[in-house]
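> With chain A's structure known, arrange chain B on it following the hints.
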Amino acid sequence: MGATFFDRELKRGSAEMLILALLEEQERHGYELARLIGERSRGAISFHAASLYPTLYRLKGNGFIDGRWVERAGQRRRRYYRLTAAGRKTLARQRGLWEQFVNGLERVARFRPELEHTDP
Amino acid sequence: MPASGLSWNTRIREAFDSTGRHIDDAVIEELADHANDLEADLRQRGVEAAAVEREIAAQVDLWVQEPPMHRSRRVLDPDLSATTLSLVSSLASELRYAVRALSRQPGPFAVGATTIALGICAVAVMANLVWGVLLQPLPWPESDRLVRIYESRQAGSGFGQFGGIVTNGSYLAWQREPATIDAIGAWSDDEHTLSGLGQAERVRSARVSPSLFDVLRTGPLLGRPFRDADTPQGAGRVVLISHAFWTRRLDGRRDVLGLALRLDGEPFTIIGVMGTDFTFPDRETALWIPFHVPPTVTPGSSNGNIKMFSAMARLKPGVTAAQAAAEATARAQSAPHAGPVAVAVFGSDGPARMTLVPALDDATRDVRPALLVLLAAVCLLLAGSIANVANVQLARTASRRRELAIRSALGASSGQLARQLVVESVVVGLAGGLAGLLLATVVAETLPAWLPADFPRVDQVRMGWQGALTALVAAVAAGVGAGLLPAWQARRLVGSQPLAEDGRAPAGQGLRSSAARARSAIMVAQVAIATVLLVGAALLSQSFVALMRADRGFDTTRVLTAELPLTGDTATRRNAILDAAIERIRSVPGVVAAGYTNILPLTGSESMRVFDMQRPGGASVRVRASFRVVSGEYMSALGMRVGHGRLFSNTDTASSRRVAVVNAVFAQQYLGDRAVGSVLPLGSDEQPDWEVVGVVDNVRSADTSPVGPEMFVPAAQWRDDRPGGSPVIALRTLGPPTELSPILRSIVADIDPTLALGKVATMEERVLALLAKPRLYSALLAAFAATALAIAGVGLFGVLSFSVAQRSRELAVRSALGATPASLLQLVLRQGLALTSFGLLVGMALSLAMVESVGQRLYGVSGRDPVTLAAVALFLLGASAIACLAPALRAAQLDPVVVLKSG
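Sequence order for the protein chains is A and B.
When the letters of the first sequence are read in order and numbered with this note's numbering, they come out as residues 1 to 120.
When the letters of the second sequence are read in order and numbered with this note's numbering, they come out as residues 121 to 1023.
Chain A with its partners taken away, still in its complex shape (with noise of 0.2 Å):
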């Protein structure tokens, strides 16, 4: 359970991250969040649809994001998430916290991951 359990605590603390990320570009229903995410990160992120929507509701619980319901001509309804104020400011953080924890990963293991930025 060792590493799994690690990799469990990472995942979710990089979920909700990511989420907030791809949100702060613009307002994104849930199936669209999952898809971007497998794609972005080339697959190597395959963090399960079925966790994502708890993820989402404890990111709204937590005043993070809001969702509303859109109704377009022609398609069904989707709810649609967009960040709040909160929500830039957790992000605004967390990115901070990874960037220290990536630097110190530089410094400790001589590891540098390759990140892809998406434009704000």
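Treat the hints loosely; a few may be bogus.
Each computed SDA-like pair below joins lysine to any residue, with the alpha-carbon atoms no more than 25 Å apart [to be verified]:
id	chain 1	residue 1	chain 2	residue 2
1	A	LYS60	B	ARG141
2	A	LYS60	B	ASN156
3	A	LYS60	B	SER846
4	A	LYS60	B	ILE143
5	A	LYS60	B	GLN179
6	A	LYS60	B	ASP157
7	B	LYS879	B	GLN734
8	A	LYS60	B	ALA152
9	B	LYS436	B	GLU297
10	A	LYS60	B	ALA146
11	A	LYS60	B	LEU158
12	A	LYS60	B	ASP145
13	A	LYS60	B	GLU297
14	B	LYS427	B	SER846
15	B	LYS879	B	THR690
Some, not all, of what chain A presents toward chain B, calculated at C-beta under 7 Å [unchecked claim]:
id	residue
16	GLY30
17	TYR31
18	ARG76
19	ARG78
20	ARG79
If you're looking for bench data, these hints aren't it; they were derived computationally from the structure.
For clarity, every value in this text was computed on a predicted model and none was experimentally measured.
Ideal placement from N, C-alpha and C gives every residue a C-beta, glycine not left out.
Chain B alone, transformed into the frame defined by chain A:
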């Protein structure tokens, strides 16, 4: 829209409802949106409808299983009753007190927690292994309805069986409109040389019938499963690839469908990719090729065509394996007669019998008894560590008599005091349990690497909640178990006179009090447990050593073997390649002898031949024997021993007289005393008579099974047909054999660059691989026994130390009255060894009673081997003498003046 016609919205709603959880409509709608999007996406990528359906259904399952985020959070019930509250608060204060009490004496606490941790770790790992391997359902839907099929033939009063196979006649007879099964599928293992994707490599494959996917109720992740129209021959050859192969060799590209792979030089079109959990028949299998079970009679040919393969069926709901087996047997008996081939395969052409074994039992049957014995062993180990904690707690209770008496005088009820002691030992148990669980997760992570490669279902063993739950329950049980005895003891203390005393036992009471008797009884039990485990470990390791050293009829040292699969070649070309390779190998310095064979011993492959022969007396006898086609020097390369006559030589050529060599069992069974010179009517060659020129010692083809009749013919003379098996080169070397494997590879590549060597291994490595399981079991049991011994040693040390401390006044009086240090030393040692001897006797009696259950698994050693038992006894006495030494020395060095004054 899902195939069932219901909308995803309805299906998701029903899935949640079936778990009794109420979910918000908005959440359901959102999840349904997700499902619809996923469906559209997968369809667009060309995934087949059934696969899409499966993928989404799996997704819905995951949503339903996901913990509570979908429901509203439960609010803590404000009406918590007052009694519950007071119980909780008193428990909390007891917990605080327990932690304080334990931290005042960290030594015994640490020892107790450590022994519990070791016990719990072992139990959790074994429980997890037993769950993952023996109990967890196979990864197919409704897998309890899957059965493996075995065919045998009645032979006299018994049945002749050959491996785990079914013949085409019986299979096809049952496949036609069966009443008891939904589907029947066939497969057989295969291997191919894959070329055209970088370096050529040998890959494991399986030929599977299209119906096998119906039996397993699964299909590819991408693409389509096999259809009846897919054939293994001709231009339309198709292949399914494993998920691992797809990611490893094809980078997981989406556009692999339609791509061609070259297998043994022939193109095969990829029609699908299997999911990650499809590891059939094992996890090494990378490719699947369609397999059609052929009829026994080919139209226009008089020859029967018997095929052997593995088969599995899915029972109809409500049908038992026995009912289905009855139908299968009846059908098989109505199938066309297999004739003499049946004798070759089954050793008899009596009526067929079909046996069905549940697929899970079948996959795990050779590890089940060992796993259960090991589980029993770790439970004993845990019992030993619980006893240890109980003992420490008993000792602490006795030395805390004053403290307990004061608390009783201050108004604590005896029940409260007892509960306090149980809470204390539960804290010890939980601390140990937590540490044990952490240790177990580390062990469980590395476990798959420790287990032999052919251990079933290793990939499905993960440290899950089963192991954790077992550990937790065991930890609490250990704590309660260890606390009950001291608690009972404490109740007796209350109300007696300990307050008036000084906390030390009066002279003599150190041994005779009921607490002391309880401690001694526990000590005896611990020694008994250690004895049982030690006897088991000693017997298993001896059995393993005997297996290692067993005479296999040839010399396993300094032999290198290499498989050289030559598929699709004629006998002449095969021999030309092999002869060329042997010629080159023999000129390599350090090679003593080199040859090749169609079947190597200890590999599990087999090739049988059956023929009728006139006995010297005139009677005809039907011979059934293993058949080996070997080159001239093969037997000397393997170090086989000649009993009579000679081995093959270079003078046995294609043009010389046909010769054969038989093993001792063959000679005894069919030829009698004058085997050399007899003639065997082998083959339909222009020269049907083969003269026996030598008799060799029996070579074991498998490990513990009895040796059957075996005959050898020179490859130079055998030109008839494919001899069965697959060519293996064997060479005897002067130095370490593995050094020659690169040279071997370069020689083969030099002869023909499209050839790839299969498995290259020394004969000793093959023996070791064969013995991987016995080795693992004896190593594990030895580790458990060592731990039990350590625990018993610590326990003995603790009990005696405590006894010496308690009896210090008595010992001082003895010393003042003239007892010498040596006599005091003897006194304590005698006490310790008496306990050990008693435990030893109990343990030996238990071992002898239990040996029946493991006796038949032992090789080369009797379960009642007196030498082993005596060695274990001596070892245990020696170990306990060491554990007794320190307390005994302390007793001998007591200064009577100091002790008596301090009182």
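> Out of the numbered hints, which ones does the structure contradict?
3, 7 and 13
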